[in-house]
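Let the sequences and hints guide you as you build the complete structure.
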Amino acid sequence: MLIGIDVGGTYTDGVLFKQGAIIATVKKPTDDMNLKSTLLEVLDELLPSAEGQKIERIVFSTTLVTNLLATGQGERTALIMLPGHGLPHDAYDICPDIFFARGTVDFRGNVIEKLDQKEIDDILARIAAAGIKRVAVAAKFANRNDILEREIQSKLAASYPDISVSISSEISNKLNFPRRAATTYFTAMTVKEWMQFAAEIDQAITERGLDSELHILKADGGTFSLDTSSRRPCETVFSGPAASTMGGLALSQPHLNSVVLDIGGTTSDIALIIDGAPLYASKGARLGKQYTHINAFAVNSVALGGDSCLDYDGEIKVQNFRRGAAACFGGDYPTVTDAFNCKMDLGIGNAGQSAEKLQQLASKAGMKSSELCRQVVNIVIERLVSSIEAMFREWENEPAYKVWEVVNRRKFKLDQIIGIGAAATAIVPQVAARMEVDSFLHDYSPVANALGAAVVRPTLAVELHVDTPNNFFSVGPGGIRGSLNDRGGMQLGEAKNMARQYLLDMCREQGMESYASESSFYMEEQFNIISGWSRSGKIFDVGIQIAPGFISEYKGVSS
Numbered sequence: 001m002l003i004g005i006d007v008g009g010t011y012t013d014g015v016l017f018k019q020g021a022i023i024a025t026v027k028k029p030t031d032d033m034n035l036k037s038t039l040l041e042v043l044d045e046l047l048p049s050a051e052g053q054k055i056e057r058i059v060f061s062t063t064l065v066t067n068l069l070a071t072g073q074g075e076r077t078a079l080i081m082l083p084g085h086g087l088p089h090d091a092y093d094i095c096p097d098i099f100f101a102r103g104t105v106d107f108r109g110n111v112i113e114k115l116d117q118k119e120i121d122d123i124l125a126r127i128a129a130a131g132i133k134r135v136a137v138a139a140k141f142a143n144r145n146d147i148l149e150r151e152i153q154s155k156l157a158a159s160y161p162d163i164s165v166s167i168s169s170e171i172s173n174k175l176n177f178p179r180r181a182a183t184t185y186f187t188a189m190t191v192k193e194w195m196q197f198a199a200e201i202d203q204a205i206t207e208r209g210l211d212s213e214l215h216i217l218k219a220d221g222g223t224f225s226l227d228t229s230s231r232r233p234c235e236t237v238f239s240g241p242a243a244s245t246m247g248g249l250a251l252s253q254p255h256l257n258s259v260v261l262d263i264g265g266t267t268s269d270i271a272l273i274i275d276g277a278p279l280y281a282s283k284g285a286r287l288g289k290q291y292t293h294i295n296a297f298a299v300n301s302v303a304l305g306g307d308s309c310l311d312y313d314g315e316i317k318v319q320n321f322r323r324g325a326a327a328c329f330g331g332d333y334p335t336v337t338d339a340f341n342c343k344m345d346l347g348i349g350n351a352g353q354s355a356e357k358l359q360q361l362a363s364k365a366g367m368k369s370s371e372l373c374r375q376v377v378n379i380v381i382e383r384l385v386s387s388i389e390a391m392f393r394e395w396e397n398e399p400a401y402k403v404w405e406v407v408n409r410r411k412f413k414l415d416q417i418i419g420i421g422a423a424a425t426a427i428v429p430q431v432a433a434r435m436e437v438d439s440f441l442h443d444y445s446p447v448a449n450a451l452g453a454a455v456v457r458p459t460l461a462v463e464l465h466v467d468t469p470n471n472f473f474s475v476g477p478g479g480i481r482g483s484l485n486d487r488g489g490m491q492l493g494e495a496k497n498m499a500r501q502y503l504l505d506m507c508r509e510q511g512m513e514s515y516a517s518e519s520s521f522y523m524e525e526q527f528n529i530i531s532g533w534s535r536s537g538k539i540f541d542v543g544i545q546i547a548p549g550f551i552s553e554y555k556g557v558s559s
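Heads up: the sequence shown begins at 1 in the UniProt record's numbering, then just goes up one per residue.
Because the hints were derived from the structure by calculation, they are not lab data. In this text, all values refer to a predicted model and were calculated from it rather than measured experimentally. Worth double-checking, as some hints may not be accurate.
What the hints assert, rightly or not - Calculated lysine-lysine pairs in the DSSO-like style (CA-CA distance at most 27 Å, straight line): (1) K289 / K192; (2) K114 / K174; (3) K54 / K28.
Take a look at the structure:
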């Protein structure tokens, strides 16, 4: 048996899944101030339906990190950058408390400028004097040689043991210094809260006598263990859109070009599936104005949902916030759901309550209730269609989108819109009709995001960099560094075997060894190093991954 729990902005959904069938579902209001309580409340309602049978795996999708960053509630964090030569310092507008220091590593990993110890001491003293307890350290090309970052880390530990520090070489092995710095900064800001959350979840599961694998959904549509998540908490951002995207794919499954439209209580998430595969953001997840090294789907959120309240101020307005549940579910104010309920005669909840609250607003606006509903439906449909069309203009710049058009020798064509969320049944068919494509809705569309969380497999990407003339290699994630045993005559095949072995080792460490056989290479590059008139060695860059997908047991879900 599997359990998936997805935390949304308004509601938290849960499913209990076994052998192709959903055994039980739960939907509860989300308490943003106490996510742990919400998750456990949903879990406790699902467990009786298991009737004592073993729960093999529990997957949580949580908005903890997203909320910390979006609301500005993350603790004040300093960023120490060693940018080396190149861009001016004002090009790195990442955070308010940013400090620049001398110290340079070149692209081969050679230290060409050492740290100025007095300068570092001064920076650390200023950080401590400001009362800052969290520090991120990022040096250009630290993924090639992390010695300067480690020097600062050691100095902090010795002089200011109460200040926690994150270094970029442990967070990402990828190039692109600004993105690595931003990812490290956001990690330092959120890691303490996440570790506390993870410990509380682990304790709560133990208290319930469960011996289940605990996983967290990531932004790339895969999962990692609760223990691993404590080292890279930022990978959990945008897990909500990831859950709905994978949930939509799990329900529809055919290889069609689809937009996944997840209509929640306060927001609607939009994602694209090309030939049955989700489209990724090639530049990584964007947090605020910063791109990061977090692998994520190319998604967008619109401040419009089923609980968006209606108002009149000279004209009918669909607000970008909620005042509670829809009137048909006992709320005090009319909402988008109520308007569709009456306009489409859907019979959702107490339709009489929908009609009553809408009539009150219609009287205020001096129009018939039917006209009010018509205007609301048009506003919602036009806003969603415009948002989807705007996303297509962004998607057109993604490599996977362009490749599809090259391979198929025609302009991209959308086949269907997959509806996710409780309000999807009312809204998605209208959006699809407006865009002249099919709509896809399933009996389990209201909890598809939780299903997606339950049945996706763990993911892991390992990147290996080898520099044979310098007798050096590095592996990420984790900031592994080492010397080669035999650097003479190394070929690409040997580098691939080396990367595969590190992937297997990490899989064993993270309890996902059974998925190692499903790995594939996504990067295989080699460059000759010329010294004088002859080749002195090679540089290899190899990437191997267990890509996002579904667990082998999942073959679909019965209605």
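Notebook entry, point to check: Given the proposed pairing of K54 with K28, does the C-alpha separation stay at or below 27 Å?
Noted result: holds, 24 Å
Next item on the list: Sort out whether K174 lies within 27 Å of K114, counting only the CA atoms.
Entry: At roughly 23 Å apart (the allowed maximum being 27 Å), K174 and K114 satisfy the hint.
Next item on the list: Assess, step by step, whether the Cα of K289 is no farther than 27 Å from the Cα of K192, and give holds or violated.
Entry: holds, 23 Å
Consistency note: the structure conflicts with none of the earlier hints.
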